[in-house]
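> Guided by the hints, dock chain L onto chain P, whose structure is given.
Each chain, written out:
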Amino acid sequence: MASVARTTRRKHTVDIEKLKVKKKRKINASLGGNIGIFIFLSLFGIFMVFPLYYAFIQSFKPVEELFVFPPKLYVLSPTFRNFSDMFKVASGMIPLSRYIFNSFFVTIVVTVFNVFVCCCAGFVLAKIKFPGSKVINQIIVISLLFTSSVTWIMQFLVMSTLSLIDNPLALILPNIATSLGLFLMRQSMSTIHDSMIEAAKVDGAGLFRICWTIVVPNSKPAIMTLIIFAFQNSWNFNGGSIIYSEQWKTLPTIMQQISAAGIARQGVTFATAVVLMIPPLIVFLIAQSNVMETMANSGIKD
Amino acid sequence: MSTNDKVPANKQGYWKYTFHMMRMNAGAYGMLAPFMILFIVFLVIPVLLSLPIGFTNFDMAHFPKFVGMSNFYTLFLNDDVFMIAIKNTLIMAVFTGPLSYVLSFILAWLINEMHPFLKTFFTFVFYAPSMTTSVYIIWQLLLSGDSYGYFNAVLLDLGILNTPVQWLTDTKYILIMVIIVQLWISMGAGFLALRAGFQNIDPSMYEAGAIEGIKNRWQELFLITVPSMGPQLLFAAVLQISGMFTVGIVGQSLLGIPSTDYSAHTVMNHATFFGWIKYEMGYASAICFVLFAAMLIVNHFITKLLSKYTD
Numbered sequence: 001m002a003s004v005a006r007t008t009r010r011k012h013t014v015d016i017e018k019l020k021v022k023k024k025r026k027i028n029a030s031l032g033g034n035i036g037i038f039i040f041l042s043l044f045g046i047f048m049v050f051p052l053y054y055a056f057i058q059s060f061k062p063v064e065e066l067f068v069f070p071p072k073l074y075v076l077s078p079t080f081r082n083f084s085d086m087f088k089v090a091s092g093m094i095p096l097s098r099y100i101f102n103s104f105f106v107t108i109v110v111t112v113f114n115v116f117v118c119c120c121a122g123f124v125l126a127k128i129k130f131p132g133s134k135v136i137n138q139i140i141v142i143s144l145l146f147t148s149s150v151t152w153i154m155q156f157l158v159m160s161t162l163s164l165i166d167n168p169l170a171l172i173l174p175n176i177a178t179s180l181g182l183f184l185m186r187q188s189m190s191t192i193h194d195s196m197i198e199a200a201k202v203d204g205a206g207l208f209r210i211c212w213t214i215v216v217p218n219s220k221p222a223i224m225t226l227i228i229f230a231f232q233n234s235w236n237f238n239g240g241s242i243i244y245s246e247q248w249k250t251l252p253t254i255m256q257q258i259s260a261a262g263i264a265r266q267g268v269t270f271a272t273a274v275v276l277m278i279p280p281l282i283v284f285l286i287a288q289s290n291v292m293e294t295m296a297n298s299g300i301k302d
Numbered sequence: 001m002s003t004n005d006k007v008p009a010n011k012q013g014y015w016k017y018t019f020h021m022m023r024m025n026a027g028a029y030g031m032l033a034p035f036m037i038l039f040i041v042f043l044v045i046p047v048l049l050s051l052p053i054g055f056t057n058f059d060m061a062h063f064p065k066f067v068g069m070s071n072f073y074t075l076f077l078n079d080d081v082f083m084i085a086i087k088n089t090l091i092m093a094v095f096t097g098p099l100s101y102v103l104s105f106i107l108a109w110l111i112n113e114m115h116p117f118l119k120t121f122f123t124f125v126f127y128a129p130s131m132t133t134s135v136y137i138i139w140q141l142l143l144s145g146d147s148y149g150y151f152n153a154v155l156l157d158l159g160i161l162n163t164p165v166q167w168l169t170d171t172k173y174i175l176i177m178v179i180i181v182q183l184w185i186s187m188g189a190g191f192l193a194l195r196a197g198f199q200n201i202d203p204s205m206y207e208a209g210a211i212e213g214i215k216n217r218w219q220e221l222f223l224i225t226v227p228s229m230g231p232q233l234l235f236a237a238v239l240q241i242s243g244m245f246t247v248g249i250v251g252q253s254l255l256g257i258p259s260t261d262y263s264a265h266t267v268m269n270h271a272t273f274f275g276w277i278k279y280e281m282g283y284a285s286a287i288c289f290v291l292f293a294a295m296l297i298v299n300h301f302i303t304k305l306l307s308k309y310t311d
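Chains as they are written, first to last, in my numbering: chain P, 1 to 302; chain L, 1 to 311.
Think of the hints as simulated: they come from the structure by calculation, not from any bench.
Please read these numbers as outputs of a predicted model, since none were measured by experiment.
Please note: incorrect hints may appear among the correct ones.
[Said to hold, decoys possible] Listed below are the simulated DSS-like cross-link pairs for lysine-lysine, each with C-alpha atoms no more than 27 Å apart in a straight line: (1) 129(P) - 201(P); (2) 304(L) - 87(L); (3) 215(L) - 308(L); (4) 127(P) - 201(P); (5) 301(P) - 129(P); (6) 119(L) - 220(P); (7) 119(L) - 215(L); (8) 301(P) - 308(L); (9) 134(P) - 308(L); (10) 134(P) - 16(L); (11) 201(P) - 134(P); (12) 304(L) - 134(P); (13) 127(P) - 16(L); (14) 304(L) - 301(P); (15) 16(L) - 129(P); (16) 201(P) - 16(L); (17) 220(P) - 127(P); (18) 134(P) - 220(P).
[Unchecked claim] Just so you have them, the derived chain P footprint on chain L, three or more residues with Cβ under 8 Å: (19) 43-52; (20) 102-113; (21) 143-157; (22) 183-192; (23) 246-256; (24) 271-277; (25) 282-294.
We treat Cβ as the ideally placed atom computed from N, Cα and C, and that holds for glycine.
Just chain P, same shape as in the assembly (with noise of 0.2 Å):
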């Protein structure tokens, strides 16, 4: 990068600024350097884009395409016809719109509370010394390793206690006090001058009134930090282990079963693949220009 940017002095004067911005950054770095670098990433991109790139082309495919061997990369003559099998499908009385409608309705939920209970705690944590504040600072930290995957099969137990199973609280209430959130949501409200608070507070303001007008309107990063993270948690959550009833499953569930009739259904199972990763990277792509600048205040200090 910074070649080609002396080069390009030699011959004209340009933007001197943007130059200096750039020689700043790539003072060590050669073009032979970037080349290689580019390859490297863009073979090992191809491992990651490459079983949603398949699932996207199958799902377009045609029942004649499916079966030739061997599988080609593209399709010759693309059709909608898995996406309308996925809706017949559907196991029994339910319609396969309701498994979408319960998904979106759970992740929704699910998202509002999520940035709700985690922008009141996060203000709290990270602004307001009180008795017991910085005991919950290191649980909180602490408890980043106990993601729901680790400690579900106690969560079962916690919620059959309850009597959660089969109800679709149980989609719902447990993916809300995520302490990733609360944690990313704590670390950027602390970067706020305390002096914006202070005034508030003379001005007669209350907690509440302080983090909804003063402190979450800046905290947006965040916030869409959040709504990611949320989403996508609750979209993939694979609710099978808890929720028997059809009327309450979720799509994350459904694909399972689907794919579970194996090679016959693929046509079926690719479209439903698809249908389920489109909106978590459609909400990233909006979104991720934020996610840089919150995840930047991620670190962990001691």
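Relative to chain P, chain L alone:
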């Protein structure tokens, strides 16, 4: 804490003062409550319960009876499958823990060397699988044991294989396949944190470094970048630990429980098998407790290891 200097010396005064401060901050507790209630019910209690229930023979139907250490004795002395599970977990942990951690660090670093547009593009590409974790089930079709599975088809077509390989049931391949899928979904929030960490570093540091005689990207990386990224490194490590002890979850959906000859059976699968399939919650809790303890120990060491960078 600005209040420290005002704390009265005698004990009774201290408690009085604490209560006073608690009453003063009632609003703070109120705002913390919605999070804390859910957090305690669905995270703290499940984790803490694993020990007391591990001492019982709880089966979800009858009132638990105290059985002392017998669950733990059985686990370590009489349960051969648990030993297999530990072995598998350790093998997988090496790949999905340190390896994937170093990999995500290297990828984050290399991406950061790219043009801004490519940065966004590659970040998206690498993060995409972990956004779509419920989709990893498509690996079942990619690795399908007949000639319609993609990998079999390609390898048969190229003449490398003569007969389709049962990637997901042949004990020779199961473990490696689970590791591949796990690596595929492992570029998660930790990866994003590292990416952001690289972006965070003040460019003037590199300038200063260049003046001091730093010659190439490697020196830059180890002398400037790593030391100034401690907090992010620790954050990513913490997330990685939880990933590395739960590798079994992927195998569970791909292979079912238990996998052929327990060849991809992990500690987490063992807990699932006893807790969720056999309803032997007491035993499952004991397994979970061992798992949690192992995680905390690993976490302690990683924190110690990275502590010189995090101040």
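> Does each hint fit the structure? Answer for all of them.
Status of the hints after comparison with the structure:
1. 129(P) - 201(P): Status holds; Cα separation ~15 Å.
2. 304(L) - 87(L): Answer holds: residue 304(L) to residue 87(L) is near 26 Å, not above 27 Å.
3. 215(L) - 308(L): Answer holds: residue 215(L) to residue 308(L) is near 25 Å, not above 27 Å.
4. 127(P) - 201(P): Between residue 127(P) and residue 201(P) the Cα gap is close to 12 Å, so the pair holds against 27 Å.
5. 301(P) - 129(P): holds, 18 Å
6. 119(L) - 220(P): Within the cut-off at roughly 22 Å; holds.
7. 119(L) - 215(L): This hinted pair holds, its Cα atoms lying about 24 Å apart.
8. 301(P) - 308(L): holds, 11 Å
9. 134(P) - 308(L): holds, 22 Å
10. 134(P) - 16(L): holds, 19 Å
11. 201(P) - 134(P): holds, 22 Å
12. 304(L) - 134(P): Cα-Cα ~20 Å, so holds.
13. 127(P) - 16(L): Holds, at roughly 24 Å.
14. 304(L) - 301(P): holds, 12 Å
15. 16(L) - 129(P): Roughly 17 Å between the alpha carbons, so the hint for residue 16(L) and residue 129(P) holds.
16. 201(P) - 16(L): holds, 25 Å
17. 220(P) - 127(P): holds, 17 Å
18. 134(P) - 220(P): holds, 25 Å
19. 43-52: It holds, with 7 qualifying residues against the three required.
20. 102-113: Check passed, 4 qualifying residues.
21. 143-157: Coverage by chain P holds for the region 143-157 of chain L (10 residues, Cβ < 8 Å).
22. 183-192: Since three or more residues must qualify, the claim that chain P covers the region 183-192 of chain L holds, with 4 doing so at under 8 Å.
23. 246-256: holds (count 3)
24. 271-277: holds (count 4)
25. 282-294: Answer holds; 5 residues pass the 8 Å Cβ test.
When each numbered hint is compared with the structure, no violation occurs for any of them.
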